[in-house]
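**Q** Here is how the chains run, residue by residue.
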Amino acid sequence: MTVRALRHWRRDSPLIFLLTAVLLGIGGFLGGQVLQQEGGLVQGWRRIDTQALMQRIGSSDLQRTEARWYRLVPEDEAGSRP
Amino acid sequence: MSEVICELCPKYCLIPEGGAGDCRIRVNLDGKLRAVTYGRPSAVHVDPMEKKPLFHFRPGTPVFSIATAGCNLHCKNCQNWQLSQKGGEEVELVYRAPPDEVVALAQAEGCHAIAYTYSDPIVFYEYVYDTSERARAQGMSNVFVTAGYINKEPLRELCKVMDATNTDLKAFDDAFYRSNCSATLKPVLDALVTFKEEGVWVEVTNLVIPSLNDDMAMIRRMSKWIRDELGPGTPLHFSRFQPMYRMRNLPPTPAESLVRARAEARDLGLDYVYIGNLYDKEAGSTYCPRDGTLLIERMGFRILANNLVDGACPVCKRSIPGVWS
Numbered sequence: 001m002t003v004r005a006l007r008h009w010r011r012d013s014p015l016i017f018l019l020t021a022v023l024l025g026i027g028g029f030l031g032g033q034v035l036q037q038e039g040g041l042v043q044g045w046r047r048i049d050t051q052a053l054m055q056r057i058g059s060s061d062l063q064r065t066e067a068r069w070y071r072l073v074p075e076d077e078a079g080s081r082p
Numbered sequence: 001m002s003e004v005i006c007e008l009c010p011k012y013c014l015i016p017e018g019g020a021g022d023c024r025i026r027v028n029l030d031g032k033l034r035a036v037t038y039g040r041p042s043a044v045h046v047d048p049m050e051k052k053p054l055f056h057f058r059p060g061t062p063v064f065s066i067a068t069a070g071c072n073l074h075c076k077n078c079q080n081w082q083l084s085q086k087g088g089e090e091v092e093l094v095y096r097a098p099p100d101e102v103v104a105l106a107q108a109e110g111c112h113a114i115a116y117t118y119s120d121p122i123v124f125y126e127y128v129y130d131t132s133e134r135a136r137a138q139g140m141s142n143v144f145v146t147a148g149y150i151n152k153e154p155l156r157e158l159c160k161v162m163d164a165t166n167t168d169l170k171a172f173d174d175a176f177y178r179s180n181c182s183a184t185l186k187p188v189l190d191a192l193v194t195f196k197e198e199g200v201w202v203e204v205t206n207l208v209i210p211s212l213n214d215d216m217a218m219i220r221r222m223s224k225w226i227r228d229e230l231g232p233g234t235p236l237h238f239s240r241f242q243p244m245y246r247m248r249n250l251p252p253t254p255a256e257s258l259v260r261a262r263a264e265a266r267d268l269g270l271d272y273v274y275i276g277n278l279y280d281k282e283a284g285s286t287y288c289p290r291d292g293t294l295l296i297e298r299m300g301f302r303i304l305a306n307n308l309v310d311g312a313c314p315v316c317k318r319s320i321p322g323v324w325s
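These protein sequences, in sequence, are chains A and B.
Residue 16 in the working numbering is what sits at position 16 of the first sequence, and the numbering runs on without skipping anything.
Residue 65 in the working numbering is what sits at position 65 of the second sequence, and the numbering runs on without skipping anything.
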């Protein structure tokens, strides 16, 4: 019985390891999102549907008006923040 | 890849090309930050001034009210989430109304004021600013209905063209702001003080949510802060929560909580404390703090009687703070 169980374990362990890793990964991602929200400051930016945006700009539904109160990040600083 | 940092609000979003700020409508295109909803409101209405709510600013007058998509806060109880929690490209209904046209439309509707409202007008700052300038040039007033999450410098600039604000003070608790609104408390308090310093007429709204911000000790601290920093004549509106958006698990605010909050704020020396989203003639009306004379009688957003004489109590002649003419 013990030998059979050991054999099963050896056979299934990669699958179990993989499943555990995937679950940990999902848990970590969701946990991180919650922590960020709880922290209150989801700083950074959002991905948007750029194609849809450009279409709406093309049809004049939206605009390309330059905003105020921003600055360009110097090349050597770019990408240094997540 | 040219990244930009938006310095409009305390989030300081670092935005790569093709991305948007946390507000969804300030977009980095070709290394320049673009206000994509400029001149493209998605909500346009004529409202009574009392709906903003502003009770001490031109009472009983209509106000032309506009909003575009987007918001820099993400309140779980947002009333206008279909508009505020969307990017410009996600909203189907878009009017083409550049600043001059907004002013002309407002005048055609008989409005002498324009309100930037519904979502948070901070995020469509440039549109607000340009429209306000043109409105001022036509002798009209501008009203900013906001959560006040903005940096000082842009706010000071905006105050030059703004006449009144109703600013949401969502709770007197930083943890509440973080967990429910994706924001923090201090910049909001700073914004309220800045409005006051710059001579903008200020009224404050506090939405009372059962179990989250209805603690009377916190309401007392908030009332004391308003009294000390903004003055006892600052109108404070306690508003009733209704379950919506991502906060449907809580009940509407019991009337007793609002009545108690109002009593606490008045005890601490605030002269004009109102209850909103609840039909209560007494708690929605204005009384003289000296002799109790009924000055403005309201029912909901309707004015039933305005007994003020030149902005003062008709009996004791005490001047009542506000913009009455």
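One or more hints might be untrue.
[Unchecked claim] Partial list, computed: chain B residues near chain A (C-beta under 7 Å):
1. V4
2. I5
3. E7
4. L8
5. G18
6. G19
7. R26
8. L33
9. Y38
10. K86
11. G88
12. E92
13. L93
14. V94
15. A97
Since the hints were made in silico from the structure, they are not lab data.
Since we're looking at a predicted model, the values are computed, not measured.
Ideal placement from N, C-alpha and C gives every residue a C-beta, glycine not left out.
**Q** It remains to establish, for every hint, whether it holds in the given structure.
**A** Taking the hints in turn, this is what the structure says about them:
1. For B/V4, the suggested interface contact is upheld, since its CB lies about 5 Å from the closest CB of chain A, less than 7 Å.
2. Given hint, B/I5 at the interface with chain A, holds; its Cβ is 6 Å from that chain's nearest Cβ, closer than 7 Å.
3. With a least beta-carbon distance of about 5 Å to chain A, the hint placing B/E7 at the interface is held under the 7 Å criterion.
4. The beta carbon of B/L8 comes within 4 Å of a beta carbon in chain A, closer than 7 Å, and the hint placing it at the interface holds.
5. The beta carbon of B/G18 is positioned within 7 Å of a beta carbon in chain A (closest approach about 5 Å), and the interface hint is therefore held.
6. Interface hint at B/G19: satisfied, since its Cβ lies 4 Å from the closest Cβ of chain A, which is below the 7 Å cut-off.
7. A distance limit of 7 Å between C-beta atoms decides the matter here; for B/R26 the minimum to chain A is near 6 Å, and the interface restraint holds.
8. Proximity of B/L33 to chain A holds as hinted, the smallest CB-CB distance being about 4 Å (cut-off 7 Å).
9. Because the smallest distance between the Cβ of B/Y38 and any Cβ of chain A comes to about 4 Å, under 7 Å, the interface hint for this residue holds.
10. Given hint, B/K86 at the interface with chain A, is violated; its Cβ is 10 Å from that chain's nearest Cβ, farther than 7 Å.
11. Because the smallest distance between the Cβ of B/G88 and any Cβ of chain A comes to about 5 Å, under 7 Å, the interface hint for this residue holds.
12. The beta carbon of B/E92 comes no nearer than 9 Å to any beta carbon in chain A, farther than 7 Å, and the hint placing it at the interface is violated.
13. A hinted interface residue such as B/L93 counts as satisfied when its beta carbon comes closer than 7 Å to some beta carbon of chain A; here the least separation is about 10 Å, so the hint is violated.
14. Hint status for B/V94 relative to chain A: holds, with the closest Cβ pair at about 5 Å, below 7 Å.
15. Interface restraint check for B/A97: the shortest CB-CB distance to chain A comes to about 12 Å, outside 7 Å, so the restraint is violated.
Violated hints, listed in ascending order, are 10, 12, 13, 15; each of the other numbered hints is respected by the structure.
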